[in-house]
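Novice: Residues per chain, in single letters:
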Amino acid sequence: MDIFDLSGLFLSGAWGTLRLFLLALVGSLALGTLLAAMRVSPTPVLRGAAATYVTVVRNTPLTLVMFFCAFGLPILDIQFASDRGLNSFFYASLALSAYTACFVAETLRSGIAAIPVGQAEAARAIGLSFRQTLSLIVLPQAFRTVIPPLGSVVIAMLKNTSIASAFNNRELISAMRSGIEIRGDMVITILIATALIYLVLALGLGRIFDLLERKLVILR
Amino acid sequence: MIQHTSEQRPLVQMRQVQKFFGDFQALKDIDLDIQAGEVVVVIGPSGSGKSTLCRTINRLETIDSGEILIDGEKLPEEGARLAKLRSDVGMVFQSFNLFAHKTILENVTLGPMKVRRLPAAKAKEEAMALLERVGVAHQAQKYPAQLSGGQQQRVAIARALAMKPKVMLFDEPTSALDPEMINEVLDVMVTLAKEGMTMVVVTHEMGFARKAANRVVFMADGQIVEVAEPEEFFTNPQSARAKDFLSKILTH
Amino acid sequence: MKKITFLTAALAAGALTLSACGQEGTPDAGGGEGAAAGDAPVYEVAEDADFSESDTWEAAQSNGTLTIGVRFDQPGLGNRPAGADVPEGFDIEIAKLVAAHLGFAPEEIEWVETVSANREPFLQNGTVDLVVATYTINDERKQVVDFAGPYYVAGQDLLVAEDSDIAGPEDLAGTSVCSVDGSTPAQRIAEEYPEADLVTYDVYSKCVTDLQSGSVDAVTTDDAILRGYAAQSDGALKVVGNPFSDEPYGVGLPKDDQVLRDAVNDALDEARDNGYWTEAFEYTLGDSSGVEQPEVDRY
Ligand SMILES: Nc1ncnc2c1ncn2[C@@H]1O[C@H](COP(=O)(O)OP(=O)(O)OP(=O)(O)O)[C@@H](O)[C@H]1O
Ligand SMILES: [Mg+2]
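Residue numbers (our numbering), protein chains in the order written: chain A, 1 to 220; chain B, 1 to 252; chain C, 1 to 299.
Same shape as in the complex, but just chain A (with noise of 0.2 Å):
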């Protein structure tokens, strides 16, 4: 195994690591956002479900999350395809999403708490209703009150997808894992490879969200 196959593997890993992510991201922002809702809606019951989820999902180490999912919804018999590697891409990836949007649902809020309760009036007062006043107006205000924040959020949770490699998912850790095992002679070079790819990630999600923040940023 020469050097070229071992930056295959780790294409193939970064790959992994970057399709969890993708998918996880969407759920997270899709479920955090509806957390959010929820949790400012006029329901009581709404408002208590909602906090109840982030407050014990929030406090659960991720690693027991993924366990739930890897291990109690095959249990529950909860499959969501047939074949077995991608169903556990399925369950590392509701794992992240129900974890993640805890935080973003809890970003959110405080964007949605920042955004000024005239807004909110205005939107009434012209006869929106509840779920339009928070998809139109409070919601993509708060969204972008919010992008750094929200960036740090999505950046811990790419570097969270290191943990679906226990969890029979092969991304970045995994290709470290397999490349140290076979260039035993590389271990130091290996481990640095892999910090750096993390790296690369991580800064390109930056610089995004920077640009976001840039292009999206509401002048009041």
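Treat the hints with caution; some may be incorrect.
Unchecked claim - So the derived list for chain A, only partly shown, Cβ under 10 Å to chain B, looks like this:
1) P116
2) E121
3) I218
Said to hold, decoys possible - Here are the computed distance ranges between Cβ atoms for each label pair:
4) I78(A) to G47(B): 55 to 61 Å
5) R58(A) to A240(B): 55 to 61 Å
6) A46(C) to G206(A): 55 to 61 Å
As the list claims (entries may be wrong) - Cut-off 20 Å, straight-line C-alpha distance, at most; resulting in silico cross-link-like pairs (SDA-like, lysine to any residue):
7) K255(C) to I188(A)
8) K114(B) to Q119(A)
9) K84(B) to S129(A)
10) K142(C) to I188(A)
11) K102(B) to I147(A)
12) K102(B) to V117(A)
13) K211(B) to P237(B)
14) K114(B) to S129(A)
15) K102(B) to L136(A)
16) K142(B) to P140(A)
Just so you know, these hints were derived from the structure itself, not from any lab. Glycine residues also receive a C-beta, built at the ideal position from the N, C-alpha and C atoms.
Given the coordinates of chain A, assemble chains B and C with the ligands onto it according to the supplied hints.
Specialist: Positioned in the frame of chain A, the structure of chains B and C with the ligands alone reads:
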């Protein structure tokens, strides 16, 4: 004086309205009828409940007892029917409250498109006509923060008018403005009044009251203390509270 | 009141999760000596050992402790049961007999956990003096460390349910096989038996849990490791016994310490002659019939 086609039934009816904030009673025994086409100015000391009165009319504040009817229909509690009713009651706020992330044009087209389900082209056409009317059409593509206060408030009026409301509420529309911008907003309001719009205006601008109002409602401590024609009210107030209040605002 | 509700919910969720992973007997941490028979072997410590030409030995000698890197997580080979101070297993016994030859009693050994990622670095920077940690001798590793031994030739094998029909890797097509993420056995399955559905976790215990619950059909890694799990399963699991690779386990040494390497090789040769090796094997991995100590390779 303004000629308005008065109908039989009042457009806004408030009957024995009570409103509490905790133990504090912000509105007491409010009875007020506003006829179609009528312009009512609400005046009174700070904290007397003017804003609260205004906001109960489109249920931005709920009431604890009594009833409020718009065009004969009782204000619904919540949900789609309330939203529908609100769209018939335009509101202009002291702090403008334009949607900060939307352009001027989008601010005005949003309601017609999302609530009245107007096609985008039609909504835009009407919005541009309204912006033209309030004199900010050339700013249509800008964002609210890029406009002066007076311009923002005129956009806010256009945004409310775009819903073709039956009645317009104004809560101190000029008190957040620099003095040189007050008139540009008042002029728009006077024109509206002359065109027969039913209006409830909380303001201390006596010039406007004299020029455009049919009645002045004077409030103190959550109650309506006096109702009179503007000229009558300003020159010959009946209650001690009104006399006291007027003496204070007239000195500066 | 609110807090208590949250706590209960959290505990319930946690319990569910834990019961999900710990079901049906993950190898019992205290049962690491499932195959152990009789008393622990005692290796005579060489009183007059002198390898002062070896820098590593010299430093260890003046410290009074020999530092050895071993696995803490592989039953039967190198395993530290929960609550125990010292690890146990075949690797540990080999380490002890080598240490005895070098003049160190078991109490003079400091055990350091090593995993795949840190064996070479630990030897290179002197964190450990020796590594006895299911350490397969190969050419890439020889670039940066030296090896004495091999002291055992493991082969990749399969752990299956007692009533399984799987008799070798050829039978794996269409079945699911579990191994540790990134390990050589996992890579071999992926490359040479792509028809098998490979499942990977971070530790073998998860694989064994899956095997016991029927979620996977086989667990694969070096037979020595599998033996440890089979021994703990009360007959529910068996090792197929048809190894399909050669994994010569060596004692890892710092590069270019020829004196130390010769000494460790001598220790292994001696262990063959005086029966220490067999004692070590039978004490930790069970019946040694049919198993032979390999010749050391003094490359
Ligand atoms: N959300 C609220 N919670 C508690 N008290 C309130 C709330 N809104 C208003 N109040 C109180 O109700 C009273 C009437 O308030 P309101 O804003 O209607 O007065 P106003 O006549 O509009 O005064 P100003 O001229 O200062 O705008 C005040 O004493 C105010 O402190
Ligand atoms: Mg007010």
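Novice: For each hint, tell me whether it holds in the structure or not.
Specialist: We went through each hint and held it up to the structure:
Because the smallest distance between the Cβ of P116(A) and any Cβ of chain B comes to about 7 Å, under 10 Å, the interface hint for this residue holds. Of the supplied interface hints, the one on E121(A) holds, with its beta-carbon coming within about 6 Å of a beta-carbon of chain B, less than 10 Å. Evaluation of the I218(A) hint against chain B yields a held restraint, the C-beta minimum of about 5 Å falling below 10 Å. A hinted range of 55 to 61 Å for the beta carbons of I78(A) and G47(B) is consistent with their spacing of about 58 Å.
Between R58(A) and A240(B) the C-beta distance comes to about 60 Å, which sits within the given range of 55 to 61 Å. For the hinted restraint 55 to 61 Å between A46(C) and G206(A), the CB-CB distance of approximately 60 Å keeps it satisfied. Annotation: proposed proximity of K255(C) to I188(A) holds, straight-line Cα distance about 17 Å (limit 20 Å). Proposed proximity of K114(B) and Q119(A) is supported: the alpha carbons are some 16 Å apart, at most 20 Å.
Under the criterion of a C-alpha separation no larger than 20 Å, the hint pairing K84(B) with S129(A) is consistent with the structure, at around 9 Å. Taking the CA atoms of K142(C) and I188(A), the gap is about 16 Å. The hint holds against a cut of 20 Å. Distance check on the hinted pair: K102(B) and I147(A) sit about 18 Å apart at the alpha-carbon level, within 20 Å; holds. At most 20 Å may separate the alpha-carbon atoms for a hinted pair to count; K102(B) and V117(A) meet this at roughly 16 Å.
Taking the CA atoms of K211(B) and P237(B), the gap is near 18 Å; set against the 20 Å cutoff, the hint holds. Between K114(B) and S129(A) the alpha-carbon distance is near 10 Å, which keeps this suggested pair within the 20 Å criterion. For the suggested pair K102(B) and L136(A), the alpha carbons sit about 10 Å apart, so the restraint of at most 20 Å is met. As the CA atoms of K142(B) and P140(A) are separated by approximately 18 Å, the hinted pair is consistent with the 20 Å bound.
Comparing the model with each numbered hint stated earlier shows that all of them hold.
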